[in-house]
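First to last, the sequence lines map onto chains A and B. The first sequence maps to residues 325 to 534 in the numbering used here. The second sequence maps to residues 325 to 534 in the numbering used here.
Honestly, the hints are just simulated from the structure, not real lab data. Careful: at least some of the hints might be erroneous.
One copy or two, it doesn't matter: identical chains are merged, so the pair holds either way.
[Said to hold, decoys possible] Below, simulated DSS-like cross-link-like pairs (lysine-lysine); rule was C-alpha separation at most 27 Å, straight line:
id	residue 1	residue 2
1	Lys431	Lys415
2	Lys477	Lys362
3	Lys477	Lys415
4	Lys362	Lys431
5	Lys410	Lys447
6	Lys431	Lys388
7	Lys415	Lys362
8	Lys410	Lys362
9	Lys392	Lys431
10	Lys447	Lys362
11	Lys388	Lys362
Protein chains: 2
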Amino acid sequence: MTDIYRPMEIEAESFRIISEEIRRMGRELPAEYASVIKRVIHTTADFSYLDTLYFSEHAMEAAKRALKTGSRVVTDTNMALAGIHKSSLRKLGGEAVCYMADRDVAKQAERRQVTRAQVSMEKAARQGDKCIYVIGNAPTALLRIVDLAQEGKMCPAFVIGAPVGFVNVTEAKQRLIDSGIPCIVPRGRKGGSNVAAAIFNAILYETAGR
Amino acid sequence: MTDIYRPMEIEAESFRIISEEIRRMGRELPAEYASVIKRVIHTTADFSYLDTLYFSEHAMEAAKRALKTGSRVVTDTNMALAGIHKSSLRKLGGEAVCYMADRDVAKQAERRQVTRAQVSMEKAARQGDKCIYVIGNAPTALLRIVDLAQEGKMCPAFVIGAPVGFVNVTEAKQRLIDSGIPCIVPRGRKGGSNVAAAIFNAILYETAGR
Chain A
325 MTDIYRPMEI
335 EAESFRIISE
345 EIRRMGRELP
355 AEYASVIKRV
365 IHTTADFSYL
375 DTLYFSEHAM
385 EAAKRALKTG
395 SRVVTDTNMA
405 LAGIHKSSLR
415 KLGGEAVCYM
425 ADRDVAKQAE
435 RRQVTRAQVS
445 MEKAARQGDK
455 CIYVIGNAPT
465 ALLRIVDLAQ
475 EGKMCPAFVI
485 GAPVGFVNVT
495 EAKQRLIDSG
505 IPCIVPRGRK
515 GGSNVAAAIF
525 NAILYETAGR
Chain B
325 MTDIYRPMEI
335 EAESFRIISE
345 EIRRMGRELP
355 AEYASVIKRV
365 IHTTADFSYL
375 DTLYFSEHAM
385 EAAKRALKTG
395 SRVVTDTNMA
405 LAGIHKSSLR
415 KLGGEAVCYM
425 ADRDVAKQAE
435 RRQVTRAQVS
445 MEKAARQGDK
455 CIYVIGNAPT
465 ALLRIVDLAQ
475 EGKMCPAFVI
485 GAPVGFVNVT
495 EAKQRLIDSG
505 IPCIVPRGRK
515 GGSNVAAAIF
525 NAILYETAGR
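All chains should be modelled from the sequences, with the hints used to inform the complete structure.
Set out below in structure tokens:
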């Protein structure tokens, strides 16, 4: 075993190994996206993300601008919320919220027979203007964001579209990509709250430090 | 897109697709472990877990027995804690805790120059007797559990050993497997808080329902 036990040293060594393996695979990452791609691999130990991460044009600038102006961050799971590095976010005056466990959201979802994720996004649209959306679970959240944006009822600053799964996931991601909303998306079935948080934190660390 | 929007229907359809794909791969899962294996694939969309999930002998019985007696559940991340299905756990009189953000843990880790995960496990050993450990991030947490158990300072009822990463991860998992402690482990580099929570929830749902 490696004789490294300090968290930041473990992380540095992990990124060294990831960079080395990418190099050995003969791959070269675009400098602009390298931190995001490597952090997703760090979080998953899954190098298939080398081939699936989609960045819309100027996605990184849009995300960093939104972070610098203290935009509210809305997640679709408490796991993604837990994964976001709060102290870095606070440095920029930002805050992260998740409405999924709110009683009004649950009630309305039940009454309308839709997902809580969908109702959460509607709540976010009513409460804030230019939010950052970090979606790691629900394709219905992504679909609602795209619909609301196209109806002029929401103006997302930036969306991380990383639901995981087998039903409507690839289709929802494609709709987000086609919408022209600034976004980062792991195409295909893979993703998750951990992946969504990793993408977010990579950009956050570049913007605010740690 | 599939015209399914109710959460439980989406989940049922996802599991149907997963079962179908496993069958088409010519694989048959041991009935005892099928719910865990499929839920991990549901959480990750990653079928490589078919080949890596290790179950110690009688792991499922040990886990279910601990759940039925209301054992405390200790996680090494707030993400894993967030992913655990609390209302099912409450039915069994159990509770889940994570000491990672505790001030005394942070202080002691800083002073001793070790990871907070390691100090968290020591805190758990002092506070409870037969806990369930759900480890999704820190190999140092696993190593500390094995050491404390071998020193007779901890008696874990059951351990989910699912750290993810590149430094000491596969080695720490192997030490857990070799220790004889009842455990479930995704061998190799992959894992994560989401995987750890998925393994836990699969067993929880079998024991308590939802």
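Evaluated hints:
In this assembly of identical chains, Lys431 and Lys415 lie within 27 Å of each other by CA distance solely across copies; the values are 22 Å between and 35 Å within a copy. Proximity of Lys477 to Lys362 under the C-alpha cut-off of 27 Å is found in neither arrangement, the shortest distances being 35 Å within a copy and 38 Å between copies. Within a single copy, Lys477 and Lys415 get their C-alpha atoms no closer than 29 Å, and across copies no closer than 41 Å, so neither meets the 27 Å cut-off. Taking the shortest Cα distances, Lys362 and Lys431 never come within 27 Å of each other, neither inside one copy (40 Å) nor across copies (30 Å).
Taking the closest pair of Cα atoms, Lys410 and Lys447 come within 27 Å of each other both inside a single copy (22 Å) and across two copies (24 Å). In this assembly of identical chains, Lys431 and Lys388 lie within 27 Å of each other by CA distance neither inside one copy nor across copies; the values are 35 Å within and 32 Å between. Taking identical chains as interchangeable, the C-alpha atoms of Lys415 and Lys362 lie at most 27 Å apart only when both belong to the same chain, with a minimum of 24 Å there against 40 Å between chains. Within a single copy, Lys410 and Lys362 get their C-alpha atoms as close as 21 Å, which meets the 27 Å cut-off; across copies the closest is 32 Å, which misses it.
For a Cα distance limit of 27 Å, the shortest separation of Lys392 from Lys431 qualifies neither inside one copy, at 35 Å, nor across copies, at 31 Å. For a Cα distance limit of 27 Å, the shortest separation of Lys447 from Lys362 qualifies neither inside one copy, at 33 Å, nor across copies, at 33 Å. Proximity of Lys388 and Lys362 under a CA criterion of 27 Å is satisfied intra-copy only: 18 Å inside one chain copy versus 38 Å between copies.
Violated hints, in rising order: 2, 3, 4, 6, 9 and 10; the structure is consistent with all others.
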